[in-house]
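Chains as they are written, first to last, in numbering that gives the first Met the number 0: chain U, 0 to 370; chain H, 0 to 357; chain W, 0 to 157.
Do not rely on the hints blindly, as some may be mistaken.
No more than 16 Å apart at the CA atoms, straight line, and that leaves these computed lysine to aspartate or glutamate pairs for EDC-like [stated by the list, open to error]:
id	chain 1	residue 1	chain 2	residue 2
1	H	154	U	36
2	W	21	U	189
3	W	21	U	191
4	U	186	W	32
5	H	154	U	11
6	W	83	W	101
7	W	21	U	192
8	W	14	U	191
9	H	69	W	37
10	W	21	U	188
11	H	334	W	8
12	W	14	U	192
13	H	69	W	40
Rather than coming from a laboratory, the hints here were simulated on the basis of the structure.
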Amino acid sequence: MTEEIGTTADGDLIINVGPQHPATHGVLHLVITLNGETIKKVEPHLGYIHRSIEKMCESLTYRQFSYVTSRMDYLSSHINNHACALIVEKGLQVEVPARAKYVRVILDELTRIASHELWWGAMAMDLGAFTPFFHAFRERESINDIMEETCGARLTMNYIVPGGLMQDIHPNFQKRVKDFISLYKSKIDEYDELVTGNIIFQNRMKGVGFISAEDAISFGMSGPAARGSGVNCDIRKLYPYGIYNQVQFDQVLETAGDSFARYMVRIREMKQSVSIIEQLIDNIPEGEFLAKTKVVLKLPKGEFYTRVETARGELGVYIVSEGATTPYRIKFRSPGFSNLSALDTMARGSKLGDLVAMMGTLDLVIPDIDR
Amino acid sequence: MWSFSNISSSIHHWLNESFSPTWAMIIEMVIAGVCIIGLFATLGLVLVLMERRVAAWMQIRLGPNRVGPKGLLQSAADTLKLLVKEGLTPNGADKFLFNFAPFIAMMVAMLLMAPIAFAKDFQLWDLNIGVLYISAVSSIMVISILMAGWASNNKYSLMGAMRSGAQIVSYELSAGFSILTIVVFTGSLNFNEIILSQTNGWWIFKGHLPAIISFVIFIIAVTAETNRAPFDLAEAESELTAGFHTEYSGMKFALFFLAEYINVFIVCAIGATLFLGGWMPFQIGNWQAFNHAMDYIPSSIWFFGKTFFLIFLIMWFRWTFPRLRIDQLLNLEWKYLLPISMLNLLLATALAILGWHF
Amino acid sequence: MFIVKYIKEVYSAIKSLLVGMKRTGYYFTHHKEIITEEYPDNRHTMVLPDRFKGEVVMPHNEKNEHRCTGCTACELACPNGTIKVITKFDITAEGKKKKAIDKLVYHLELCTMCNLCIIACPSDAIVMAQTFEHSVFDRSKLTKVLNNPDSKIMEGIE
Chain U
0 MTEEIGTTAD GDLIINVGPQ HPATHGVLHL VITLNGETIK KVEPHLGYIH
50 RSIEKMCESL TYRQFSYVTS RMDYLSSHIN NHACALIVEK GLQVEVPARA
100 KYVRVILDEL TRIASHELWW GAMAMDLGAF TPFFHAFRER ESINDIMEET
150 CGARLTMNYI VPGGLMQDIH PNFQKRVKDF ISLYKSKIDE YDELVTGNII
200 FQNRMKGVGF ISAEDAISFG MSGPAARGSG VNCDIRKLYP YGIYNQVQFD
250 QVLETAGDSF ARYMVRIREM KQSVSIIEQL IDNIPEGEFL AKTKVVLKLP
300 KGEFYTRVET ARGELGVYIV SEGATTPYRI KFRSPGFSNL SALDTMARGS
350 KLGDLVAMMG TLDLVIPDID R
Chain H
0 MWSFSNISSS IHHWLNESFS PTWAMIIEMV IAGVCIIGLF ATLGLVLVLM
50 ERRVAAWMQI RLGPNRVGPK GLLQSAADTL KLLVKEGLTP NGADKFLFNF
100 APFIAMMVAM LLMAPIAFAK DFQLWDLNIG VLYISAVSSI MVISILMAGW
150 ASNNKYSLMG AMRSGAQIVS YELSAGFSIL TIVVFTGSLN FNEIILSQTN
200 GWWIFKGHLP AIISFVIFII AVTAETNRAP FDLAEAESEL TAGFHTEYSG
250 MKFALFFLAE YINVFIVCAI GATLFLGGWM PFQIGNWQAF NHAMDYIPSS
300 IWFFGKTFFL IFLIMWFRWT FPRLRIDQLL NLEWKYLLPI SMLNLLLATA
350 LAILGWHF
Chain W
0 MFIVKYIKEV YSAIKSLLVG MKRTGYYFTH HKEIITEEYP DNRHTMVLPD
50 RFKGEVVMPH NEKNEHRCTG CTACELACPN GTIKVITKFD ITAEGKKKKA
100 IDKLVYHLEL CTMCNLCIIA CPSDAIVMAQ TFEHSVFDRS KLTKVLNNPD
150 SKIMEGIE
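Chain U on its own, in the form it takes in the complex:
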C-alpha cells in the first residue's frame, strides 16, 4: 500500500500542512519533512491568496488605493491605511491637523490591541486550549464596537485618508475608549491565569522555536517576533511618525528568542498600547480633522518610502511616481513575509506540535504574506 511519493530518499515523511489546515489560519501551505515527530525541514509555499494588490494599486488613484491595503493585513487595517496616508502626505507635503494625528495614533493602538487579542486567542487555540479564544473575543468585540461607531466598519475601515480622517470622531468616542480601557484592565489578569501562568503552556513555549538576534536580523524579521530575540526594531521609536515622538512608551524587548519571549512581547505590548491611549485620549485637540487638499492628488515625480509599525512588524510602502494621478509602481514590504521566512530555521529539530506554536507566535496573517 505504501506509495513512493510522500517520502524522501532517506525515508523521511513529507507532510503537506495546508493549504487547508486548522493551524495555518488561512491558506498557507507548508511542506514539512518529518523524521518521526521531529521536523527536518519546513518549506512554505505561497500564492494561494495572492490578489495582486500591488498591481491593483497601480490603477487606483492616490485617494483610492489605501482601501485595498485594508485587505492586506486585515487585523491591522487602520495601520495599513495610516501608512498609505503618510506616504501620500509625504509626497504632497501636506501638514496633517493635530486632531487627526492624535486620533490616528489612538486608532492605531486600538487596532494593535485588537490584533494582539485575536492572536492571543488563536494561539491558545493552536495549543489546544479553546476557551481563551472566546475570552479574547470579548475584549476585542468592544474595540470593534468603537471602530464600528466611529469608522463605520469593524474590520476594513478605510477611515484614515490622505490629509487626515474621513469623518470627525464620533461624540461617544472618548467615553467608549475609556470604557474599553477599564474593561481591559479588569480582564488582563485573566490572561495570565488562563494561559501565561499555566505550566503546560509554559512547557510548550519555553525553549522552543529559538531564533538568535543575528538570524532574526538576517531574515529581516520585524515587530514582536524580532523583539522577542532582542532586536531593537520598533518603528514607532526608531522612525517616529504621527505623534509617537510625543508619547511616553517603552519598546518591549525580550532577549530569550524563544516562543515564550515572543509571546511575552505581545502581552506586554498590549499594556504599552493601553498606556499610549490613556495619555492621548483626554488630550485630543479641537480643530480640523482633514487638511485641505486638491481634488485630484498627484504625487511629484520621484520615489517615496514610508514605514509604520503594524501589529505584526514593519510595513513599508514604496511608491515610484511619474507625476500622474496613479502610482507608477507600488511595493509593500509586508512584515509577515519576512517573519515566515525564519520559520524553517526556528523549526528544525523541534517536534511537530511545536511548529504550530511557532506559527502562532509569528502571528501570521496569510493575506499579508501573499498580498
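Chains H and W: place on chain U using the hints.
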C-alpha cells in the same frame, strides 16, 4: 423502595415461570443487550450535550439552544445528520481494516460495561476479577485506533495512531497502579466487594493520603487513556487536523465519537466505584438522621451522580488546559506519575498491612 | 536538594493548573458574564451605529425627489466601478435642456463599503444605509437602481 434490583429480579422470576430456563436465559441476554445499546445511545446524546453546555458556559457562550426546548434535541439532530451522511472509504485505504476499526472501538466500549455496578445488586456480570478484566479489555481500545490510523492511508492518521499507541501503553501503567492501591486496601478484585468495603466510608476519605494521590493520578491517567484534552494528541486538531479519524465520515466517525464518550463514562464509573464508593450513599460516622436521609436516595442516583461529577471534572480539564507535546506527555508519565504512583502503592501497602485505614 | 526541588515543581505545576480551572469554573457558574447575542432573535432590538457602512442608498423626500445632479463624482471616486451614472436630458419649464440622472446603477456585489463615493458627492445625494443582510439567491438582485422610478431632482440643487 423502588430500585433496579427489584425490577430485574421480578423480570427474572416471571421469565423463569413462563419459559424453560434456557429460553429464559436467552431472553434475559437479549434484554440486557438491548438495554446496553439503549444506554449507549442515551449516554452518547446526554454526554455530547453536556460537553457542549459545559464548554459554552466556560467560554461565556450560551451553547446549543435552537433545536428543541433549550437545545435539548441538539445531539439528536447531530446524530441524524451523521446517520444520513455518506461514510466514505478512501481509495488507497485498506478497506476491511478501515471499516472494521470503528466497530472494535465500539465493541470494547460495550465489553467494558459488563462488570460495572450501576445500582445496588444491579450488575450485568458479577465477575470475581472485575478490576483485572477492565484493565485488560480497555487496552484493546488502542488496537482500534492503530487500525484506523494505519488503514486510512493518511499520514496524519498514522501519526495520530502512533501517538495514541505510545500514550495509552504508558498511561495504562499508572492507571493500573492507582487501581492497585484500592485493590490493596480491599484485598479483592471484585467490584461488588470493593463497593461493599466502602459501607463505612469511601476510600478517598478513609484511605488517607495514598488514596487521594492515587485518585488524582487515576483521573490524569484515564484522561490520557481516553484521549481527552489536554492529552488529545491522537486527535490534536491544530496539529493533525483530526488525527486517527481524519478520513472517517458519517456513521463510522460517529462510532468513534460515541466510543470516546462511552469510554469517558466507563472510566469515570470505575473511578466512582473505586474511590467514591460506587452506589454507596454518602454517610458520616454516627449521624444517624443524616445517614438515613442519604439512604433514601436510590443507589442508582448515587452512582450516576458520582460518575457525572467525574465526567464534569474531565470536561473541565478539557476546556481549560492547552495540549501537551508528545515528549512532555511521556515525560509526565515516566518521570512524574509512574514514580509517584509506585511510591504511593508502597505507602498504601504499608498502611494496609499496619491496618491504619479505617 | 533534589527531592525538595521535585516536590516544589509538582506543587507549583498543580497550583498553576488549579488557577486556570478556577477561572473557567468562575465563568461556568456565573452566567451573567455570557456575552452571546442571539442574532436573528434580537433583530428588532439591535441598534447599528449611525455611521455603519451597509450599502449605498439615495434618500428621497415625500415628493419622490432626490438630490442627485448626475455629476458622476461618485462614479469617478469609486475604486471598483461599483457605481454607474446614466444621464438623460430633461426639458425644464422654460424649455431649456437640463442634465439629470436617468438611472444611478449601484452594484452591491462589487462594493467594498469604502465610503469614498459618499465623501465625494458634492450635493449629499447618496448616503450609507445601516442594512447588512444582503444575501440573496440571485446575483442579479444585487445590481440596484438607486433613484426611484419617476423621481425628480429637488428644487434648488445645482
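For each hint, the structure was consulted:
no. : hint         : result
1   : H:154 / U:36 : 12 Å, holds
2   : W:21 / U:189 : 10 Å, holds
3   : W:21 / U:191 : 13 Å, holds
4   : U:186 / W:32 : 12 Å, holds
5   : H:154 / U:11 : 12 Å, holds
6   : W:83 / W:101 : 11 Å, holds
7   : W:21 / U:192 : 9 Å, holds
8   : W:14 / U:191 : 13 Å, holds
9   : H:69 / W:37  : 13 Å, holds
10  : W:21 / U:188 : 13 Å, holds
11  : H:334 / W:8  : 12 Å, holds
12  : W:14 / U:192 : 11 Å, holds
13  : H:69 / W:40  : 15 Å, holds
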